[in-house]
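> Sequence:
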Amino acid sequence: MNLLVPYSATNKKIVMGLLSYIPEFKDFKRLQEEIEEIATNPSIKCWLFKESDSENFIGLIGGESTTDTVIIKYLSLSPSFRGENITFQMLEDLAKMEDKVLSGTIETSVILAKWNKHRVSEEPWKI
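The numbering of the sequence shown is my numbering, which starts it at 1 and goes up by one.
Be aware that a few hints might be false.
Stated by the list, open to error - Okay, the calculated beta carbon distance ranges per label pair:
#1 A9 with R119: 19 to 25 Å
#2 S20 with E64: 27 to 33 Å
#3 Q32 with D53: 30 to 36 Å
#4 E98 with A9: 18 to 24 Å
#5 S121 with K29: 25 to 31 Å
As the list claims (entries may be wrong) - Quick list of in silico lysine to aspartate or glutamate cross-link-like pairs, DMTMM-like style, CA-CA up to 25 Å:
#6 K96 with E122
#7 K73 with E92
#8 K50 with E122
#9 K29 with E55
#10 K96 with E51
#11 K12 with E37
#12 K96 with E55
#13 K12 with E98
#14 K73 with D93
#15 K26 with E37
#16 K73 with E24
#17 K13 with E24
#18 K96 with E64
#19 K45 with E33
#20 K12 with E51
#21 K45 with D99
#22 K13 with D93
#23 K50 with E36
#24 K29 with D53
#25 K26 with E36
#26 K13 with E64
#27 K96 with D53
#28 K117 with D99
#29 K29 with E51
#30 K73 with E98
#31 K45 with E98
#32 K114 with E92
#33 K45 with E64
#34 K117 with D93
#35 K13 with E37
#36 K96 with D68
#37 K29 with E64
#38 K114 with D93
#39 K117 with E92
#40 K73 with E36
The set of hints was computed from the structure by calculation and includes no laboratory data.
Nothing here was measured: the structure is a model prediction, and the numbers come from that model.
The beta-carbon is built from N, C-alpha and C at its ideal position, and this holds for glycine as well.
Could you put the whole structure together from the sequences, leaning on the hints where they help?
In structure tokens, the structure reads:
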């Protein structure tokens, strides 16, 4: 079983590190602004991802949560773990945990479309 852990101040540096892999957050000032937004805006959610056999966080998923939707703003994986399988697992775990529709921004919509296609091909009766 994999694990998604909600953002907490304890994990701030890990979140900063994973967000810094995203081009939008290469600028330190922009990165700090996003961390502040995550920490203070209750509609902005961020989860760290780790595999069950490890204590190390290897990924991050986050975005804006509304009543029935989570708009995925960012997905980030540590370079040595990058691949669609882990990304798909993060999305699947979040969909189960939040029980909301996952949608994307312009930047994340392609991976969400691939994930949805994968879900339909793997288990069409669950969609």
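> Each of the hints needs a verdict: does it hold here or not?
Consistency of the hints with the structure:
1. A9 with R119: 19 to 25 Å: About 34 Å separates the Cβ atoms of A9 and R119, which means 19 to 25 Å is violated.
2. S20 with E64: 27 to 33 Å: 20 Å, violated
3. Q32 with D53: 30 to 36 Å: 33 Å, holds
4. E98 with A9: 18 to 24 Å: 22 Å, holds
5. S121 with K29: 25 to 31 Å: 42 Å, violated
6. K96 with E122: 16 Å, holds
7. K73 with E92: Holds. K73 to E92 sits at ~16 Å (cutoff 25 Å).
8. K50 with E122: 23 Å, holds
9. K29 with E55: 29 Å, violated
10. K96 with E51: 16 Å, holds
11. K12 with E37: 12 Å, holds
12. K96 with E55: Measuring from Cα to Cα gives roughly 22 Å; hence the hint holds.
13. K12 with E98: 22 Å, holds
14. K73 with D93: With a Cα-Cα distance of about 16 Å, the restraint between K73 and D93 holds, given a limit of 25 Å.
15. K26 with E37: 16 Å, holds
16. K73 with E24: Status holds; Cα separation ~11 Å.
17. K13 with E24: 17 Å, holds
18. K96 with E64: With Cα atoms ~17 Å apart, K96 and E64 stay inside 25 Å; holds.
19. K45 with E33: 14 Å, holds
20. K12 with E51: 19 Å, holds
21. K45 with D99: 14 Å, holds
22. K13 with D93: With a Cα-Cα distance of about 23 Å, the restraint between K13 and D93 holds, given a limit of 25 Å.
23. K50 with E36: The hint holds at about 23 Å.
24. K29 with D53: 34 Å, violated
25. K26 with E36: With Cα atoms ~16 Å apart, K26 and E36 stay inside 25 Å; holds.
26. K13 with E64: Satisfied, since the Cα-Cα distance of roughly 21 Å is no more than 25 Å.
27. K96 with D53: 20 Å, holds
28. K117 with D99: 19 Å, holds
29. K29 with E51: 30 Å, violated
30. K73 with E98: Within the cut-off at roughly 15 Å; holds.
31. K45 with E98: 11 Å, holds
32. K114 with E92: 12 Å, holds
33. K45 with E64: 6 Å, holds
34. K117 with D93: 16 Å, holds
35. K13 with E37: 15 Å, holds
36. K96 with D68: Within the cut-off at roughly 13 Å; holds.
37. K29 with E64: Roughly 21 Å separates the two Cα atoms, so the pair holds.
38. K114 with D93: Measuring from Cα to Cα gives roughly 16 Å; hence the hint holds.
39. K117 with E92: 12 Å, holds
40. K73 with E36: Given that 25 Å is the threshold and the Cα spacing comes to 15 Å, the pair holds.
Consistency note: the structure conflicts with the earlier hints numbered 1, 2, 5, 9, 24, 29.
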